Every structure is written in structure tokens, then in C-alpha cells.
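A.B. asks: Please build the complete structure, drawing on both the sequences and the hints.
These protein sequences, in sequence, are chains W and L. All the letters of the first sequence, read from the start, carry residue numbers 1 to 418 under my numbering. All the letters of the second sequence, read from the start, carry residue numbers 1001 to 1599 under my numbering.
If you are wondering where the hints come from, they were derived from the structure by calculation, not from laboratory data. Bear in mind the structure is a predicted one, so any value in this text is a computation, not a measurement. Do not take every clue at face value.
Unchecked claim - A partial selection of chain W residues facing chain L, derived with a Cβ cut-off under 7 Å:
1. K72
2. Y79
3. V95
4. A99
5. Y103
6. Y113
7. F122
8. S125
9. L126
10. Q128
11. R151
What the hints assert, rightly or not - Calculated pairs, DSBU-like style, for lysine-lysine (alpha carbon to alpha carbon, straight line, at most 35 Å):
12. W:K160 - W:K112
13. W:K112 - L:K1152
14. W:K160 - L:K1152
15. L:K1307 - L:K1323
16. W:K160 - L:K1138
17. L:K1138 - L:K1152
18. L:K1139 - W:K112
What the hints assert, rightly or not - Each pair of labels, with its calculated beta carbon distance range:
19. W:T254 - L:L1597: 50 to 56 Å
20. L:I1588 - W:P190: 46 to 52 Å
21. L:A1011 - W:P190: 25 to 31 Å
22. W:P248 - L:G1117: 56 to 62 Å
23. L:F1067 - W:V95: 47 to 53 Å
24. L:I1588 - W:V31: 21 to 27 Å
For every residue, glycine included, the Cβ atom is placed at its ideal position computed from N, Cα and C.
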Amino acid sequence: MANTTSLPASSTSRPAPSDEVVVRATGLTKVFKDFWGRPKARAVDNVDFEIRRGEIFGLLGPNGSGKSTTIKMMLGLLYPTKGHITVFNQSPRDVQTKARIGYLPEESYLYKYLNPGETLDFFGSLFQLDAGERRQRTEQLIEMVGLNQARSRTVGEFSKGMQRRIGIAQALINDPDLIILDEPTAGLDPLGCREVKDLIVALARRGKTVILSSHLLADVEDLCDRVVIYYGGRIHAQGPLHELLARPDQVRITSPIVSRETTEKVLAALRAEAGDKVRLDNPTQNLESYFLDVVERARAEAKTSGATSGNQVAQFIRGGSAETSTSQTEAVLDRLTRPTAPAAEPVATTVPAAPVVNESKLASLTKHTEPAPTAATPSIQPAETGTTKPAEAPATPKAPVDLSKANDKLSGLLGGKK
Amino acid sequence: MKRRYEIYSDAVGNHLAVPTSFSFLAFLLGPIWVFLQRLWIEASAILIAEALLLGVLYANGIPWMFFAGIAAVFGLGVGLSARHFRELAAERRGFEYTCTIPARDGATAIAMLAQVGGVPLPEWRARYLTGVPDITPKKFRAVVSVALLTLKAAFRYRFVVVLLALLIGAVFVLPSIIKHDGTATGFSQILLAYTLTAITGLLGFSSLWLACGTLARDIEDMSLFLVTVKPIPRWQIWLGKWVGIMALNVGMVAIAGTIVYGLLHARASQLKPAQLEKLRSEILVARESLEAEVPSIDAEVEQEFEKRRRDPSLSDMDPNFVKKQVRAQLEGRLQAVPPGQFRPLPYVFNLGPEARKRFKDSLIFVRIKFFTPEYVGLDASFDHGWEIGGGKERGALRMVNNFGPDVTSEFAIPGDQIEEDGRLVVRYANLGALTVVVPLREGIQILTPEAPFAVNFARGLGVILCWLGLLTAIGLFAASFLSFPVAAFVSLAMLVVGLSSGTLKQVVEQGGIIGVNSETGTITEPTLINKASVVVYGSAYWVLNQVSSFSPVDALATGRSVTWLDLGRALFVVIGITAGGIGIAGMIILTRREIALPT
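C.D. replies: Put into C-alpha cells, the structure is as follows:
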């Protein structure tokens, strides 16, 4: 996933969303009916909203408030009882429209008997991608979501977090223009959450539209430009997040530590005007930031057989060609904003942080003077070298009978002919 | 030239290099090479398949060059699949895939990995995936992809292994349990009819089950959510699943069919020479059957009916019933042959203008099946007299033989008895002591050689596949709108209805379902319900009749030909019309269905 050394998402600048409407819901209503067609539940009730290109749009609300039903109507999995919903000005059931959408459902609905590579290859083929393109994207996405070590395991054997990761990868296989993420961070460790958030920002910087449905308000606050808040199938609040959260009647001053005298002077001046409503405290960083700092320090020594992190955003998602730099956050984010480039050859020179390569040795190897196996090489077993261990039926006529009499009869019948 | 090596590693840091290219050693050694990889099950399966195929060739006296060809084909398959066999072997030994490195040889590839500290370079991570190849047209890529997924699921959930075991068990075990009576007929009945029926039954049931499961389960566990939100029309998902199941069926039918064919030839040597000869000349052949032209009796029926209508004692009877009785009576006269008499009308067979030229040097067969009006015991037999063909150049052939009632019997005649215009006239005389009834249809038939048995057998299996295609469509149709258990129940219920064609026919003949006169067996007053039921039952009966007329098992077991025309008709009627119609209905339902509705 996105490089964890990048800046917090909220602090990165993004181009303003365009006026182009990607999703438009007008009087959207969904009533679930029972077997006899009697109304059972009004899941979504006369909802109106618009989502513009490049926006990160949040769908908030308690369980059963209508968020998932709205998303399912957006995807053409459910049909509105009343009202309309369009995606890219088309019906959500239009096949070509679906080619521009990536969707991560709230649960893992992946085929449990496929491994990550097969999963991504299958979904890639549904977008009619060529085999080479599928292979390249598959490799980049597996790398990106940190499932390199779990390639040979089937999705059914994955933990919830790992299933989430492969779910995110499948949502991005087509480099979609609209990404719908239903609880994307559910089940992920804090590192994974941070990576997903960075990824969402990276996508938005490329002009992608992201719809985020989440119960984790901190995530939404970090990421979203605009939100709608559902309750009982209706929208009870909507608008830009900064407007909804702004408290125009208060002000916060943050400063480095100064002398006690100076602090008291300032407090006295403020209290003279605002009375005893003035508060003084030490700012704290949030737990997520602290956790990430600790992990970052420990990362050099870490070794895991599960999902890993700290990997690059897939090249085709970034939209740039293969490059080597990974450590500079700004450089990564700059690349993320580049327009989509045609699929290139498999990454040839990208060397992410992890592998330590002895450049001189590698150079000697690539000069067609590959070394023979050495004693230092652990237990070499090439499979095709002579020294290694490779891995109503027809009835059967009755027994002959005396037919002479019969023959005479036939002769008689035929008028003496023989 | 550099090759690509897949590096596999185990928990303690050992590495294994697997070449990804074609293996000449595997090509030369075939299954033996697979044994060397310690893949015992896979190697045994390949060896058995190869041995069976070679056995079939040997039994048919096919030239040795074909043996080499088959061995080469198997070798090629193993050579091309060498990479996958090696991967399998490595994984069974506890190794896991690490990366793919281009290198001169395996040792060098491992050394290169060691040089970079055991952590693969990004460009080494790419691994060839077995998926939809680029040669698949883009339009069909999604369908092929869903088909491959369906096949993969069948393999990964061990369905294929279990099904294969059951099929092979049925094919080998059935003939061992049920002993034949030493006759060619009994032999073919058990080895062909029973085993093919068992195979059809097993595959039919598995097709229904798999079809219901693959679609209904995908909807229930919501896997289909993620597929339907991709740019694939839902009808293609439906079609992809059908293609996937049919691909599995083709494989299963091919394997089971090859085994049956091999066993048939291998076990034929158990028969005595006379029976063996009969087996080869009458059963292991493909003979086209031809019915005699049925004379029209419409004019006689009308004439007799008019006569009876004037009879006052019959004036209050249903005219249709009377006419039906008259027709039955007149047909009976044509079918009944009293003792010591010729049938009044000769049987005329039109074999086509080229028939004499085609068959003049070969034997053709006359098949007879007759009944007696009263029970005569199992061992009773009757003398029959024949005057067959002739034409201008030569006289008719006279024959006398002896057969029992209620079963099909046949005898050979020279093909040159066919007349120049392709007609063959057969006069039949009952030389027994009792009247015999020879049905108008399938009473007397002429059998002519049409193709080798192997071709006939393959066409018969083709017709069985058409049936399986229909069952698969029924299963997928039910699963398009029902949950798995309900879909499975409905599919089986449809099959039961399919087997109840007798009831459907009866309803049509009696003219409805309510108010049937017990004496006449017909409806006295046609009501709306009766009229509607005749339409519904009549349509169902028509479809079933069309479909059920394709029964290759009986034809194969009696040496009758399943012609290309039969196969084409089966494809058209069973797959094109019936399965196609059901399929279109299923696709429409699936397309319109809200698959994310809460349950």
C-alpha cells in the first residue's frame, strides 16, 4: 500500500474537485418488500445528493441507516423503488459504466479457493485486460497490498485483514475512475489503516472519485471533502466537512513552550475579554501518529510471514512509469498526480526500501558470468540438473429347429415355387 | 539463451529451481518422468489413460504407427505440463514460491537470489498465471474466464476427484458384479447398456447438482456481487458457468467412454467364437435402421366410419371415439398375420437410389419383433417365412427361420437383393400355429452398415453430452431465481415430470383432466380447464417427445447407428431449442434479479 512515510493525508494538498458530477441521486427511495409484495422496510427514503469528480465523499450513519443500500443501488445490485440514480450520467446497470468503477464491499466476497494472483487475474479478465497487462497489474497490486508472502495461500486461509487487502487490490485492478469503499479499514491493523488512507488520498489526487462508507469517524474526518449523514434512510446532514465541523465562536492558539510569565500575561489578556472560558493545556498527538512512529522505528528489524506494509502504490495506479525513488514522500505524491501512462514493461529498476543489494555483485552477475553455486548457497536443488532431486435387446435365435415342414408350407403358400 | 526459473523455498532456507519451459526429458519419458517427480497419483492416472487408449487401438488392430502417435501426444502433454508437475512436487515437499529469475540454469538462478540476500528483486516477482489466454477474443474473455473459474472450483473442492472415482468405479465394478449370460447380446447389454446408463445417470445428477450449486451458492455467499459489479453482462456469467460445467462433462464423458470402449474390446475375448462373431457383426457395428413405408388407411377408416355411423346402436356414441376404434381395428388387421398365411401387404423399404450400389457386396439385416395375442411361455418360438427382394435380374430370396415372440431378432441377407431403384420388398408369412402381431412401427426393420463402431460410439457419447447440456441448463435456470436446496429440488422435480410422458400423453388423448368418461376414456364435455390442460400438457408432451427420442444407449447396445443426422438433430432440438430456451429464460431472470436483496 502507499508508503507509510508519507505525510498524513489531511496535510497533503489536492486539486479542488471539479464540477463534473459523477454520481447523482434524485428522490432516491428503496422499499424492501416481503414475498407477497407488501412493504417491509423503507431502507432509503427520498434521498438527493451529488458527488463530483475528484471528491472524497463520505457516507455516514449508524447501522441500518441506508448507507449500504445506497451503495448497492449505485452499483446496480438493487433497483430504486422511486427516484433515480446515475453514475457517469448512465444507469448503474450499464455494463460500460461498470468498467469505470472499483468496489470494495464491507465483507470479503471473494472466491475462497483462489490465491491472490488467481483472484486478481480473474477480475482483470472481466475487464478484458490482456494477459500481460493482468500479470503486471496483479504483481504490482500484490506488492502494494503487502501480500507477497501469502501468494500461494488461498483467500479462504486469509485473516480478515488480509482479505481486506486483497479486496482493495481487486477494486483497483481496472484503475477505476470511481472507487466505492465500504468500511475499507475494517479489520486492518493501524499501519494498514494508514496505508489505505494514504492510498485514498493518492487516488483523489489523480482525479479519481472516492466514496467512503465508514463507522470510523476519525477516518472520515481525515479524508473526506464532503459527507452525508444518514439516519433512518434519510439524509439528516450534508455538506463540506470543514463547514460542518467548524466552530466559529472559538479560537485555538498553539505555540512552542514559553516562560511562565509570558503565558500568564497572555492568559490574563484573554481572560479580560473572554472571562473564565479560556483553557490552557498541552497538545497531544493522536494515538495513530504515535503508533506509526513506533512501528516506523521498529520496522528495520521486523520480519513477518503475514501481510507486510510500506510498499509502493502500484505503478499503474500512480499513473507514472517505473522509477526508483521511494523514500521522499513528496516525490511519491508528485508521481501519484501524474496522468495515467500506458502499461509499461514489468518494473525493471524500482528498488523499494527493503532489499539490500550488493550492487557490484549484481553487476557481475548481469554481465553473463553467472556464478556457479557456491558453498555459501543454501542447499541448491535445481530440478533439472542431473545431481539434484526434483522436486431391449435383440433376442438370440433359438437353437436350430427342423425347418423342413415350414419350408414345405412356404412352398405351398407360394404356389409350388421353390 | 536464458530460461526462466521459479525459485521455491522452504522454511529452513533451502531453495529449489523449477524451469518454466518445455521439458524434453518429460516428453521422452512421459508418465515415467512424472513418477520420478514422486507424483504417484498423477503418474498412475496418466499411465492408466495411456494404457487404456493403447489397448483400444490394439483391440481394433490399428497400425503400430498410431501407437507411437498416441505415446507422442501423451509425451507432449507431460513435456508442456512439466512446470506444473514440478511446482506440484515442490509444494508437496513443503516448498513455497518465492520468485522467478531469468538465468542460464537453475543453480545460477539460486545463486543470483543468494547474491541479493535472499530478498527477490521486484522484477523477479512476476509469475506466469494460468488464466484466460490472449488468443481468446476480447468479447468472449469474460465468458471463458467464468468457465475456467467454474472448472477450477470443481477441481479445488475435490468434486472432480470424487466424480471420477464414482465413474471409474461404475465402469469397472458394474460388469464385475453383474455377470453376462455368455451371449453377445448379454455381454453388450451389461458392458454397454448398463455402464453407459450408469455414466449418464451419474453425470446427469452431478450436472444438475453442480449447476444449482455453482450459481445459487455464488449468490448466497455473495461472491457474485463482486462479479456482477464488473463489466460483464449477467447472461455471460450464466453462459460461462454452463460452458464450464459442460467442459467438465466433456472430459468426464471422454474418460469414461474411453474406458468403456477399451473394456468392451478387452473382455470380448471371454465370449465363445460364435458369439464373438455375432458381437463383431451385429453389435460392434453401426447399422442404420429403416422402417417400412406405412400404407395410408385414411380412406378405409372414413369409409368404415360412415358405414358404422348409420348403425342406430352406435348413434349416441362420441363420433371421435368411434373413428378411433375403427382406425385401431383396421390397423390391427394390417398387424395381425394368421397362421399359415402371408401378410396381405408386403413391407416396402425405400433405401435410396444409391443403396444397391452401396450394399450389393455386403450383408444387410432384417430385424423382426412380434407378439402373440395370448401367452405362450418363455421358450415358445415360431417359424417364419420370407420372400425378400429380387428385382428384374434375379429372383426373390426365400428364407425360413425360427424366432420367439416379444423380443427383437434379426437375420442377415445379401445386399444385392435391393432393387435398382433402391427399394426392398419383403413379404412375410406366419408359418407357426398361432396368429402373430407384427407392429406397424418397429415390427420389421432393415439394418444397413453405416459407419465403424468407434465413430458410432463417439456420436452416441455426443448425444449423451447433449442431454447433459440440457440438465445443466435446467439446474442453472432453477438456480437463477431459487436458493440452492430449492433449486436442486425443482430441477429434480422437472426431471420427474420429464419421465412422466405417459401421463401427459394420456391427458392429451382423453382431451382433458376433468370429467373423464370411464367407459370411453375421453372427456364428454370440453371445459375451459380441459382445453387449457390439453394445450399445456400437449406442449410439454411435444417437447418431451422431441427430446426423449434421442436415446443412444439402446442403439449402441444393439448395433444400431446413431447417425450424424441424429447427432445434429440432438444438438438442434436438445441443446439449441430446449436447453437454449431454458437458458434464455434463466439469463433473463438472472439479469432482472436484484441479487443483493436481504434474505
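A.B. asks: Next step is simple, just say for each hint if it's right about the structure.
C.D. replies: A quick look at each hint next to the structure:
no.	hint	result
1	K72	holds (5 Å)
2	Y79	holds (6 Å)
3	V95	holds (5 Å)
4	A99	holds (4 Å)
5	Y103	holds (5 Å)
6	Y113	holds (4 Å)
7	F122	holds (6 Å)
8	S125	holds (4 Å)
9	L126	holds (4 Å)
10	Q128	holds (5 Å)
11	R151	holds (6 Å)
12	W:K160 - W:K112	holds (12 Å)
13	W:K112 - L:K1152	holds (11 Å)
14	W:K160 - L:K1152	holds (23 Å)
15	L:K1307 - L:K1323	holds (11 Å)
16	W:K160 - L:K1138	holds (34 Å)
17	L:K1138 - L:K1152	holds (21 Å)
18	L:K1139 - W:K112	holds (27 Å)
19	W:T254 - L:L1597: 50 to 56 Å	holds (51 Å)
20	L:I1588 - W:P190: 46 to 52 Å	holds (48 Å)
21	L:A1011 - W:P190: 25 to 31 Å	holds (29 Å)
22	W:P248 - L:G1117: 56 to 62 Å	holds (57 Å)
23	L:F1067 - W:V95: 47 to 53 Å	holds (51 Å)
24	L:I1588 - W:V31: 21 to 27 Å	holds (24 Å)
Checked against the numbered hints given earlier, the structure satisfies every one of them.
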